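K.L.:
Chain by chain, the residues:
Number of protein chains: 2
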Amino acid sequence: MKIGILGSGNMGRSLGILWAEQGHQVFFGARTTEKGKAVAELVGHNTQGGTNDEAAAFGNVLLYTIRGINPVEVISSIEIFNGKILIDCNNFEIPEGFTYQPIEQSLAEKLAAEVPNAHVVKAFNTFAQEIFELAPTPLKDYKVSVFVASNNENARKTVMQLALEIGFTPVDCGELRNSRLIEGLGDFIRFLIIGQKLGPYATISVDVLPPAQSERLGGRQSSNLR
Amino acid sequence: MKIGILGSGNMGRSLGILWAEQGHQVFFGARTTEKGKAVAELVGHNTQGGTNDEAAAFGNVLLYTIRGINPVEVISSIEIFNGKILIDCNNFEIPEGFTYQPIEQSLAEKLAAEVPNAHVVKAFNTFAQEIFELAPTPLKDYKVSVFVASNNENARKTVMQLALEIGFTPVDCGELRNSRLIEGLGDFIRFLIIGQKLGPYATISVDVLPPAQSERLGGRQSSNLR
Numbered sequence: 457m458k459i460g461i462l463g464s465g466n467m468g469r470s471l472g473i474l475w476a477e478q479g480h481q482v483f484f485g486a487r488t489t490e491k492g493k494a495v496a497e498l499v500g501h502n503t504q505g506g507t508n509d510e511a512a513a514f515g516n517v518l519l520y521t522i523r524g525i526n527p528v529e530v531i532s533s534i535e536i537f538n539g540k541i542l543i544d545c546n547n548f549e550i551p552e553g554f555t556y557q558p559i560e561q562s563l564a565e566k567l568a569a570e571v572p573n574a575h576v577v578k579a580f581n582t583f584a585q586e587i588f589e590l591a592p593t594p595l596k597d598y599k600v601s602v603f604v605a606s607n608n609e610n611a612r613k614t615v616m617q618l619a620l621e622i623g624f625t626p627v628d629c630g631e632l633r634n635s636r637l638i639e640g641l642g643d644f645i646r647f648l649i650i651g652q653k654l655g656p657y658a659t660i661s662v663d664v665l666p667p668a669q670s671e672r673l674g675g676r677q678s679s680n681l682r
Numbered sequence: 457m458k459i460g461i462l463g464s465g466n467m468g469r470s471l472g473i474l475w476a477e478q479g480h481q482v483f484f485g486a487r488t489t490e491k492g493k494a495v496a497e498l499v500g501h502n503t504q505g506g507t508n509d510e511a512a513a514f515g516n517v518l519l520y521t522i523r524g525i526n527p528v529e530v531i532s533s534i535e536i537f538n539g540k541i542l543i544d545c546n547n548f549e550i551p552e553g554f555t556y557q558p559i560e561q562s563l564a565e566k567l568a569a570e571v572p573n574a575h576v577v578k579a580f581n582t583f584a585q586e587i588f589e590l591a592p593t594p595l596k597d598y599k600v601s602v603f604v605a606s607n608n609e610n611a612r613k614t615v616m617q618l619a620l621e622i623g624f625t626p627v628d629c630g631e632l633r634n635s636r637l638i639e640g641l642g643d644f645i646r647f648l649i650i651g652q653k654l655g656p657y658a659t660i661s662v663d664v665l666p667p668a669q670s671e672r673l674g675g676r677q678s679s680n681l682r
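Residue numbers (this note's numbering), protein chains in the order written: chain A, 457 to 682; chain B, 457 to 682.
These are calculated hints, taken from the structure and not from any lab test. Everything numeric in this text was worked out from a predicted model, so none of it was measured. Some hints could be false.
You can't tell identical chains apart in this list, so a pair holds if it fits in one copy or across any two.
Said to hold, decoys possible - Think about it this way: if two alpha-carbon atoms lie no more than 25 Å apart in a straight line, the pair counts; the simulated SDA-like pairs of lysine to any residue are:
1) Lys599 - Ile650
2) Lys653 - Asn607
3) Lys653 - His501
4) Lys653 - Gln669
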């Protein structure tokens, strides 16, 4: 798969390196050609580097790491996104005292409104950079969820597969509207990591437990699922 | 500990039974004496049953399972809550198509405003009734999080201990304002359980992973924790 990284900071660099290691062709884009090339050279094989424009033109799948900034400010023409898968991995800035505001519109929905002809996918926003250091092993054993939402089913499945390949456990979260809930998880885990001092290796995941063998408490009537 | 259950439906019944099994004195309250007594008789030892008023008078710790209803409609005088620990385990009703509205004020904050002299604690709202069937074993092995928030530290610690005793893994979530995020988790897991058909044994938990042994990707700079 041809993957373009828009913004080659920590998130972009880490995911790009991990995907290149899996055999994908990765183009690291940055504000300047020099910066993009410098990141690409850290890896060597399967990678190129240059501008964000070049990265966007190169990839069928694009990772958008530039939080809250309209692509028109970064890319010369948004036509370049037409029909492409555009992954939004961002969270809102942490407010003073973790007093998060309710999410009326997610960053992913905002991005989708700005680039209406791209297939925007929410993913990779619910853990710290440090988790990538564990990928793909031993991460696979820890079953860390990547929550994936998109209005385009093919885009969602593609990103779930890309998450799986580098050791995560993808969770299908349906339509892009649900990115509001996923960004809420991003807010929550950052509160626990920083505010509650659980540290950067704290993760939040879904786990389906084996069913109970008996129902002594009357388990069939799930009143709290009302 | 003396625990009063306000509203002895599935949630109240299950938690009450589990706490009674741990040796706590549990009073099951309901709208009628008969209903409260009937639930208490299901267990037998360490339990009594009667009205919600009686349950509120009995317990030092109270479980409020009556979603979104102001206690003045259920209890003859809210003075009875003064200085008591009041656990709110509720979530908002699921809207059509899981189109949850942003949480401006959590149910727990609303309850705290209605009963200002109680120590309101958010907890036990992020899994289905069925999970209680696994408590306290094998639940303990699955490390299922109970997210606990309260402005009163002693109340928070007490509820964390009560969660621990029945096989859960309590997570200290600080002040009651954070119940907005916790209720967001409740919305999300119900979406996955019902909407995405993961079923009632789907849980959401925090896990702190062992740190990586090397930092080949440059893990120290957590750009996505901004």
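K.L.:
Against this structure, judge whether each hint is valid.
P.N.:
Against the structure, the hints:
Both within a single protomer and between protomers do Lys599 and Ile650 lie at most 25 Å apart by alpha-carbon distance, with minima of 22 Å and 21 Å respectively. In the homo-oligomer, the alpha carbons of Lys653 and Asn607 lie at most 25 Å apart only across protomers (18 Å), although the nearest pairing inside one protomer, at 35 Å, exceeds that limit. In this assembly of identical chains, the alpha carbons of Lys653 and His501 never lie at most 25 Å apart, being 38 Å within a copy and 41 Å across copies at closest. Taking CA atoms no more than 25 Å apart as the test, Lys653 paired with Gln669 passes between copies only; the shortest distance there is 20 Å, against 37 Å inside one copy.
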